[in-house]
Amino acid sequence: MTGAPAARPLLEVDGISVAFGAVQALQRVSMEVGRGEIVAIIGPNGAGKTSLINVVSGFYHPYEGRILFDGQNRTDFKPYDVAALGIARTFQNVALFKGMTVLDNIMTGRLLKMRGSFVLDALYWGPAKRQELAHRAFVEKIIDFLEIQAIRKTVAARLPYGLQKRVELARALAAEPALLLLDEPMAGMNIEEKEDMCRFILDVHDEFGTTIALVEHDMSVVMDVSDRVVVLDYGRKIAEGTPDEVRKDPAVIDAYLGVPHE
Amino acid sequence: MGILHAVLVAPFVDIASNPRFLAEVLIGGVASGLMYSLVALGFVLIFKASGVFNFAQGVMVLFAALNLVGLMDLGVPVPVALVLTMAIMVALAFAIERVVLRPLVNQEHIILFMATIGLNFFLEGFGEMIWGANVKKLDVGIPDRSFITAGIQMNQLELIAAVTAGILVAVLAVFFQRTRIGRALRAVADDHEAALSIGIPLKTIWVVVWSVAGLVAIVAGIMWGAKSGVQFSLSLIALKALPVLILGGFTSVPGAIVGGLIIGVGEKIGEVYWGPLVGGAIENWFAYVVALAFLLFRPQGLYGERIIERV
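Chains as they are written, first to last, in the numbering used here: chain D, 1 to 262; chain X, 263 to 573.
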């Protein structure tokens with residue numbers, strides 16, 4: 001099973017358009033995410049970055065265009081169907097289960113991996129117990145990996161913002177996703193937290209081989225972690241390429257970086 | 263002095279002098295407390311799984327009882343009527359999800375709460391339109407005779423209600439804490455979007471939880487209907503469930519039971535031993551005074567999730 005199938009990108013976004021009333025959030029945007037890549041989607045505020053993530057994860061549906069995952073058309077999938085395909089995501093404004101502990105939060109990430117009957121679950125007996133323990137072991141691995149051992153019993157709402165973002169990443173990883181979508185993983189963080197997050201993203205990529213698409217506002221961060229960059233502006237794709245190519249692209253400099261003051 | 267003696271001493275002398283009577287009062291209190299718990303459980307289920315305070319829970323109890331009585335009056339045998347009522351409550355859950363909840367995904371809780379007020383009036387009118395508004399007697403064959411064991415008078419209906427409530431609570435508590443559906447329910451209660459993103463189908467969860475709340479409403483409807491007849495005022499027991507919820511915490515299944523027991527036992531003891539001092543009727547307001555005290559000192563209830571507010 002080598003060769004041909006691997007040549008097909010994991011995610012293909014093909015000419016999608018999204019509108020909210022008269023506002024055109026995305027116009028015929030196409031992009032690809034290849035297996036094992038880290039792709040960054042950047043652009044100024046209101047460029048349509050989050051809309052794009054929401055379309056891929058099934059929260060919005062485009063009125064034209066297609067989305068292929070693993071070669072299969074899944075344009076009209078609902079968010080929970082998308083999750084079942086192996087696409088996990090985080091949110092711009094951290095969406096944790098605030099009343100639950102960190103451990104429970106991450107365990108919910110494994111819901112789709114769990115099987116079993118009500119009765120056995122309830123009795124916590126036999127296969128149900130073995131299953132719970134196996135999942136627990138995996139979750140502990142992620143907890144170690146993201147260095148959040150110390151807070152595993154803390155209720156999520158009590159954590160500082162940076163840690164909440166890390167827990168959200170942990171929950172997404174718990175699903176063992178084929179594709180990980182990160183919506184501004186470093187927004188609102190201080191320098192140190194941003195550096196940590198960068199390191200975790202790269203580590204995740206190395207350790208689990210996860211394909212990652214991330215939306216980011218902070219240009220400098222993106223350049224260090226991504227293999228390829230897609231630039232959006234006013235709902236259109238204006239550039240695509242390696243970080244270096246994009247950095248030199250005049251359209252990007254105009255739209256995003258502004259005219260350099262020298 | 264006289265007043266202090268009457269309040270602080272005399273009732274306890276009464277209590278000590280006749281332990282059998284005390285036992286009867288306690289049993290009566292436990293039984294009525296569990297009846298409150300049955301209603302409170304329905305609230306807790308929906309609150310836990312959607313963060314919505316379901317104003318219509320009391321009417322759901324009435325609606326379930328109305329359907330059951332109505333079907334039995336048509337000559338349907340009890341077991342069949344029971345199954346049909348269950349089917350109706352599950353169908354109701356599907357309808358509520360489709361018509362009320364789905365269009366309101368991700369809205370503020372207060373908006374969903376308002377929607378349940380609407381649901382309350384709809385169900386009330388709809389139930390009475392179909393089955394009529396007169397008082398009906400519900401007799402599903404639960405024996406309602408009093409008997410005396412070890413010198414203590416007890417009532418069969420109350421005992422059966424108590425056992426039923428106990429079983430129901432045990433099952434639900436385990437369901438929420440141990441099963442993966444339970445974990446999914448708690449997740450949905452916390453954050454709709456995040457729950458969707460990890461693959462929890464919101465629709466299914468809501469249908470499940472409203473169905474379970476509907477089934478709990480049937481049980482409550484049967485017990486209350488057998489006790490005091492099926493009539494509009496049945497929906498008002500929701501008002502008694504409110505202090506139970508405040509005591510136990512809106513999110514705790516065991517809390518609903520403990521809250522119900524405290525209120526049930528408290529108001530019976532208050533009524534019997536302290537009632538004569540103030541001319542009786544303590545039973546009617548006792549629950550609300552306790553609830554008020556709890557709101558002052560422990561607003562999240564005995565077992566509720568602590569309310570954390572970042573400032």
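By construction, these hints were calculated from the structure, which means they are not laboratory data. Even for Gly, the Cβ is constructed at its ideal location relative to N, Cα and C. Each hint should be verified, as a subset may be incorrect.
Capping the alpha-carbon separation at 25 Å, the derived lysine-lysine pairs in DSS-like fashion look like this [said to hold, decoys possible]:
#, chain 1, residue 1, chain 2, residue 2
1, D, LYS129, D, LYS153
2, D, LYS78, D, LYS98
3, D, LYS98, X, LYS465
4, D, LYS248, D, LYS98
5, D, LYS153, D, LYS98
6, X, LYS465, D, LYS113
7, X, LYS489, X, LYS399
8, D, LYS78, X, LYS465
9, X, LYS489, X, LYS398
Ranges between beta-carbon positions, derived for each pair [said to hold, decoys possible]:
#, chain 1, residue 1, chain 2, residue 2, range
10, X, ILE373, D, ARG158, 21 to 29 Å
11, X, LEU554, D, LYS78, 43 to 51 Å
12, X, LEU558, D, GLY209, 19 to 27 Å
13, D, THR154, X, ILE277, 55 to 63 Å
14, D, ARG236, X, LEU558, 39 to 47 Å
15, D, ASP224, X, ILE429, 28 to 36 Å
16, D, GLY21, X, VAL551, 32 to 40 Å
17, D, GLY21, X, LEU564, 29 to 37 Å
18, D, ASP81, X, ALA395, 40 to 48 Å
Hints, one by one, checked against the model:
1. Between LYS129 (chain D) and LYS153 (chain D) the alpha-carbon distance is near 20 Å, which keeps this suggested pair within the 25 Å criterion.
2. Simply put, LYS78 (chain D) and LYS98 (chain D) have alpha-carbon atoms about 24 Å apart, close enough for the 25 Å limit, and the pair holds.
3. The hinted pair formed by LYS98 (chain D) and LYS465 (chain X) meets the criterion: a straight-line CA distance of about 21 Å does not exceed 25 Å.
4. A distance of roughly 43 Å separates the Cα atoms of LYS248 (chain D) and LYS98 (chain D); the hinted pair therefore is violated under the 25 Å criterion.
5. Restraint check: the Cα-Cα separation between LYS153 (chain D) and LYS98 (chain D) comes to about 13 Å, which is no more than 25 Å; the hinted pair holds.
6. A threshold of 25 Å between alpha carbons decides the hint, and for LYS465 (chain X) with LYS113 (chain D) the separation of about 20 Å falls inside it, so the pair holds.
7. Proposed proximity of LYS489 (chain X) and LYS399 (chain X) is supported: the alpha carbons are some 9 Å apart, at most 25 Å.
8. For the proposed pair LYS78 (chain D) and LYS465 (chain X), the alpha carbon gap of about 11 Å is at most 25 Å, so the pair holds.
9. As the CA atoms of LYS489 (chain X) and LYS398 (chain X) are separated by approximately 12 Å, the hinted pair is consistent with the 25 Å bound.
10. Look at ILE373 (chain X) against ARG158 (chain D): about 28 Å separates their beta carbons, and that is inside 21 to 29 Å.
11. Checked against the given bound of 43 to 51 Å, the beta carbons of LEU554 (chain X) and LYS78 (chain D), roughly 45 Å apart, stay inside it.
12. A C-beta distance of roughly 56 Å is found between LEU558 (chain X) and GLY209 (chain D), which places it outside the suggested range of 19 to 27 Å.
13. Hint check: THR154 (chain D) to ILE277 (chain X), Cβ distance near 46 Å, so the stated range 55 to 63 Å is violated.
14. Distance hint for ARG236 (chain D) and LEU558 (chain X): a CB-CB separation of about 58 Å, inconsistent with the stated range 39 to 47 Å.
15. The given range of 28 to 36 Å is broken by ASP224 (chain D) and ILE429 (chain X), whose C-beta atoms sit roughly 59 Å from each other.
16. For GLY21 (chain D) and VAL551 (chain X), the Cβ-Cβ distance of about 52 Å falls outside the hinted range of 32 to 40 Å, so the restraint is violated.
17. Against the hinted window of 29 to 37 Å, the Cβ-Cβ separation of GLY21 (chain D) and LEU564 (chain X) comes to about 48 Å, which falls outside the hint.
18. Remark: the range hint 40 to 48 Å for ASP81 (chain D) to ALA395 (chain X) is upheld by a beta-carbon distance near 46 Å.
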